[in-house]
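Chemist: Residues per chain, in single letters:
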Amino acid sequence: MKIRPPFFTIALLSSAILGYEILLMRLFSIIQWHHFAYMIISLALLGFGASGTFISIFQDSFSKRFSHVFLINIMLFALSSIGCFLLAQSIPFNPDEILWDYWQPLRLLGIYLLLALPFFFAANAIALALTCFHWRIASLYAFDLMGAGLGSLGIVLLLFVAMPLQALFIIGCIGLGALVLAAWELGFQQRNTVYTVSLVIGITIIILHNNNELRLSPYKELVQIQRIQGTEIISEYSSPLGLLSIVQNDIIPLRHAPGLSLNAKTEPPEQIGVFTDGGGLTAITRESGNPADYAYLDQTTSAAPYHLAQLNKVLILGSGGGSSILQARYHQAQQIDAVELNPQLIRLLHEDYAEFTGHLLNGDTVQLFQGEARGFISETQEHYDLIEIALLDSFAASSAGLYALNESYLYTVESLQDMLKKLQPDGYLAITRWIKLPPRDNLKLLATAVDALDNSGATNPGNQLVFLRSWQTGTLLIKNRPFTNEEIEALKTFCNARSFDLDWYPGITPDETNQFNQLAESYFFQAANAIINNERKDFFERYKFALEPATDDRPYFFHFFKWSVLPEIISLRNSGGLPLLEGGYLVLIATLFQALVASTILILLPLLFFKKTIMTASPVTAAISRNRVIIYFSAIGLAFLFIEIAFIQKFILFLHHPLYAVAIILTAFLMFAGLGSGFSQRLIQSGLYQPAITFAVIGIVVLGFLYMAFLQSIFSTNQSLTMPHKIILTVSLVAPLAFLMGMPFPLALAKLGNIAPEMIPWAWGINGCASVVSAVLATLLAISIGFNAVIVLALVLYSLAWASFPIQRS
Amino acid sequence: MNYLILKQFILLWLTLSLSILALPDGLAKDPFAVKRAKMIETIEAEIKTGYGNLANKKLDDNVISALNSVPRHEFVPKKLQHSAYDNRPLPIGHGQTISQPYIVAIMTNLLHVGKNDSILEIGTGSGYQIAVLAELVSKAYSIEIIEPLGKEAQARLQRLGYDNITLKIGDGYYGWEEHAPFDAIIVTAAASHIPPPLIKQLKPGGRMLIPVGSRFMVQELLLVEKSEEGKVRTQQLLPVAFVPLTGKH
Chain A
1 MKIRPPFFTI ALLSSAILGY EILLMRLFSI IQWHHFAYMI ISLALLGFGA SGTFISIFQD
61 SFSKRFSHVF LINIMLFALS SIGCFLLAQS IPFNPDEILW DYWQPLRLLG IYLLLALPFF
121 FAANAIALAL TCFHWRIASL YAFDLMGAGL GSLGIVLLLF VAMPLQALFI IGCIGLGALV
181 LAAWELGFQQ RNTVYTVSLV IGITIIILHN NNELRLSPYK ELVQIQRIQG TEIISEYSSP
241 LGLLSIVQND IIPLRHAPGL SLNAKTEPPE QIGVFTDGGG LTAITRESGN PADYAYLDQT
301 TSAAPYHLAQ LNKVLILGSG GGSSILQARY HQAQQIDAVE LNPQLIRLLH EDYAEFTGHL
361 LNGDTVQLFQ GEARGFISET QEHYDLIEIA LLDSFAASSA GLYALNESYL YTVESLQDML
421 KKLQPDGYLA ITRWIKLPPR DNLKLLATAV DALDNSGATN PGNQLVFLRS WQTGTLLIKN
481 RPFTNEEIEA LKTFCNARSF DLDWYPGITP DETNQFNQLA ESYFFQAANA IINNERKDFF
541 ERYKFALEPA TDDRPYFFHF FKWSVLPEII SLRNSGGLPL LEGGYLVLIA TLFQALVAST
601 ILILLPLLFF KKTIMTASPV TAAISRNRVI IYFSAIGLAF LFIEIAFIQK FILFLHHPLY
661 AVAIILTAFL MFAGLGSGFS QRLIQSGLYQ PAITFAVIGI VVLGFLYMAF LQSIFSTNQS
721 LTMPHKIILT VSLVAPLAFL MGMPFPLALA KLGNIAPEMI PWAWGINGCA SVVSAVLATL
781 LAISIGFNAV IVLALVLYSL AWASFPIQRS
Chain B
1 MNYLILKQFI LLWLTLSLSI LALPDGLAKD PFAVKRAKMI ETIEAEIKTG YGNLANKKLD
61 DNVISALNSV PRHEFVPKKL QHSAYDNRPL PIGHGQTISQ PYIVAIMTNL LHVGKNDSIL
121 EIGTGSGYQI AVLAELVSKA YSIEIIEPLG KEAQARLQRL GYDNITLKIG DGYYGWEEHA
181 PFDAIIVTAA ASHIPPPLIK QLKPGGRMLI PVGSRFMVQE LLLVEKSEEG KVRTQQLLPV
241 AFVPLTGKH
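So the protein sequences, as listed, match chains A and B.
Quick note on numbering: UniProt numbering labels position 28 of the first sequence as 28, and the sequence is numbered without any gaps.
Quick note on numbering: UniProt numbering labels position 183 of the second sequence as 183, and the sequence is numbered without any gaps.
Hint data in this document are derived by calculation from the structure and do not stem from the laboratory.
There's no promise every hint is true.
[As the list claims (entries may be wrong)] Derived lysine-lysine pairs resembling DSS-like cross-links, with alpha carbons at most 27 Å apart:
hint, chain 1, residue 1, chain 2, residue 2
1, B, K231, B, K203
2, B, K78, B, K35
3, B, K200, A, K492
4, A, K492, B, K231
[What the hints assert, rightly or not] Derived list of chain B stretches under chain A, where covered just means 3 residues or more per stretch with a C-beta under 8 Å from a C-beta of chain A:
hint, region
5, 57-68
6, 97-105
7, 217-226
8, 234-244
Given the structure is predicted, the values throughout are model-derived calculations rather than measurements.
The beta carbon of each residue, even a glycine, is placed where N, CA and C say it ideally should be.
Same shape as in the complex, but just chain B:
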């Protein structure tokens, strides 16, 4: 009986090892690659079914490629790694969360960042959002107010080789004057208002994005745009394809 179980185990192990060898190079090295691809597929499908705030109801190619490059499982606690690529927010300790991948994708897309851009994030959290953005820009800055969280994120981003991200622990209210102005700013930390210094540090033509809501549920994406003349206006976007008023009967 025991011999039988052992035989089956060896067979299973051999099958698994061979199947990994047979996989493309990237997948063999990264066992989460399949899950990540599936996650992106899910996000694209959700956006395609109706989300109207992105051009052609699809993510930009560079955003997809960024999402594909960042190992999200490295940004969640070990015990939740199995859910890292589920389309849901996850708790990361210290009362904070890693955002739902769908929301990260939309926010990244809405910022329209370019290769040479310099961006600032207020509220590093796990570091996942800034890592995704860092795939798209030359310089990324991030400020985290909760010390242990900031230290964890710093170590993680260093380990993963994100050389273009500079992180500091402190108060994000005044932005980061010495690296200002920024092409884009993303504020993921809750605040009772948009700090005036941040608006000042946004380049003319720049975009600022603020997810509004609770830690687990984003109710609204506030997109602040500064015109070339320095005038500020906002677009208040639902993260979901929902029209509150049905058509006239």
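Looking at chain A on its own, in the form it has when it is part of the complex:
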């Protein structure tokens, strides 16, 4: 072949694919729910695996017409990236009906297949380029990785300036850009035709773009509220953290006051609703000038600490629309610091609705910081009378789209310990959560608090805890000192006046519990009593939901599922038992199962049905051990993402901001892996396959263990660095590991290319499938054994890959 490899096209295409993948997660988080978004996109990525199979089978004819096939696949990517999403969103899939309505699984399958197409076309183009230019395979792969790195950074920037649907059309246009670039880079003879076609398609895309809108599931909160007469979406703001929809209704006002006492006589003043990704309502409340209008804020469980002492310095983590700030102000706190992750939400309070809220944030008392809770806690020098984790999952929810794995570093043992350190000696840590039936969240939180107090040196944690609840919300109060009798008397008065139940305080008796809001049994008291009095192991075993506290290594506070209970729940499906299922975990299991089945088929298909093509086309291919190829490429596919995902988690705790942490680490990983791949090209030219792989694997294993041992202390020592310095440190820590991790894949591909280039697409497909399985498996493993164990497993997998190289039969 005389034409030179299309390096820049591969980079641009690869950046578009990565951007598209992240964008799809955003789009599906808006129109559906994010755990399903995760499943849909994971499986759509199997398009990569399918492309390996497809090219394996048809590579002879494709290689002869490389330029044409390459260009057509890029064009199909550009078209399908837009078209397939628009078609997929018009399929009325409703996850809630999946167990009743047999059409739903078919609809889901339809969505997978549609969304797999863009990945399939793009991967075809890349796999074909790798096969046809196998002598520059490492360089090509380097461009592929570096393009992906730029794509991950680019999409975050794009999502700040474009609405999600606009971003979809822009990515389609980038695909067209790749088409034009490819025609130019390949010196394609009819390139003028390609330019014209691209231009026509581009103009059509721009025209069509205005006629489309996102179709949200009719069961999302935002769509539901829009059906009420008078509801108006007055503005929308989009960022990678979420799509904010600001909703107003002048006819039937919004009244958002979760957890309000049954004895309350007042209702909230006028409110404006803010929805994130069509759900997660938080309200901005009008300043009426009359303090009595805010009396409702004294009628929720979260008001309890204000009745125990005069609280002057208050910190609110997750301020959302500002209800907790108003509550603190209502109770005359002198200094209110609040932290919110989403800058657009802050802008709403600071600018757009500053007047509406009576300049809530501009007073002397209130200061709102943009940032993440753990980060703020670790950096602040202040000590507070009250630290409140407000009742909105805004920290978790706002990052839903980019980061749908459900980790939460807010409700871990270490997090609570950090917060306790930032309290005044008699200060309170107050955490309010929804009451679920049967109880889950609050019990796990209680167990987490007991661990945190134990670790902080408390001799009797039970004396430093109080739990109270309404029918809807429960508030846990934690202190660094025992609660006094005066405090307990004040609590009893507070709860009696509001019909709230006290389920734990030092000295409580069973007959005082479960009075106003009666559950079948006094579960909260039983749990608290068992956990505090060292019967926790037995209680955790007997309880049908997982209650073991979350830690930074296993940050899955929202994971309550136990396999042993599944048969019972299934047997109760016709008598209202399905809500007992913890959907998120099962969706993950279902995703893994489907990915494994599809991957096995895709990997074995070329072997079983096209033996002639791959196995005996030439005597040399017969010398390749197919088992070794499968082991090698699966192992590095699994290991690469295991390490990437686990280190993203570890660095989030250092950089604190989930969005920036993910973007920076992902970009750094891909860029330096790209450089590693580029470096491999030199070693390949010298024929140093085996030493290079040995060097890379030893390096990865050594660095992996070193990081596991010392990363935590590096983070602790450098916690006070400024953000730019933290980023530099992060990138320099990621760089050597990623550089080495970028080497094994191109080295083995090049080796394969040397002996049997026709097997390259198959190896590419195996790697693609393994990557999909890996992403899902990493989360499942982290839930049960923690991220450190995931890293160890990855290092074992790298060693296994090393052992299975060279890939020839021995």
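Given chain A, work out where chain B should sit, using these hints.
Modeler: Positioned in the frame of chain A, the structure of chain B alone reads:
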């Protein structure tokens, strides 16, 4: 060949017509009666196997009779009529659902309404729940916030002859002051809290029931009881026979 098919068709038609004639009067008029009876049988069986929140683990006779009287298939979209008596919730358009019959049965039973009672429903939806309750009480009021849904329900209930149901379209937050107080209130529309005016409009000794959860899955039944002295307390009931804690080893 064609003649044979025609002959078979005529035979089948004759058999079906004769079998309908042979059925009891009610069943002949209402082809869904068998399905409805089967639905009630299923609900009773599910409750019998363990649901502990009803006395003797069985539905009251008047609740069974009410469920038997209401033609549920009239409350679902035409294309879903074949599933109307399946024990599952169904979408009715406008992002709303008709509840699972099992849940409707339990909620109706838990309200313990009497013949002379006056009840209020917030969130009419298809109108099925209020129709079932209207079989048991003298006056039933219902408020629907979504206009097209309310109009559809109104026309349907009129057509089916439910004279004791009064329906209005509007905001249910303030209840229905002019018909208050009520012996029972059922709130099927999602709200972030229980509106204080509704608690005020509940008679002393009255019961309010709120299903909590998503449109398709009820997680909890919140039963609010107002004592004769006006004190309010709640019972938080699972709609299912499930005990989260296994016995001590």
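Chemist: Compare the structure with each hint and give your call.
Modeler: Here is how each hint holds up against the structure:
For a cut-off of 27 Å, the pair hint linking B/K231 to B/K203 stands: about 11 Å separates their Cα positions. Between B/K78 and B/K35 the CA atoms are separated by roughly 16 Å; this keeps the pair inside 27 Å, and the hint holds. Note on B/K200 and A/K492: the hinted pairing holds, with a Cα-Cα distance of about 25 Å set against a maximum of 27 Å. A threshold of 27 Å between alpha carbons decides the hint, and for A/K492 with B/K231 the separation of about 17 Å falls inside it, so the pair holds.
By the rule of at least three residues with a Cβ nearer than 8 Å to a Cβ of chain A, the coverage given for the region 57-68 of chain B is violated, with 0 such residues. With a threshold of 8 Å between beta carbons, the proposed coverage of the region 97-105 of chain B by chain A holds, since 3 of its residues qualify and at least three are required. Coverage of a stretch by a chain is defined here by at least three residues with a beta carbon nearer than 8 Å to that chain's beta carbons; for the region 217-226 of chain B and chain A the count is 6, and the condition holds. Evaluation of the coverage hint for the region 234-244 of chain B: fulfilled, as 11 residues show C-beta separations to chain A shorter than 8 Å, against a requirement of three.
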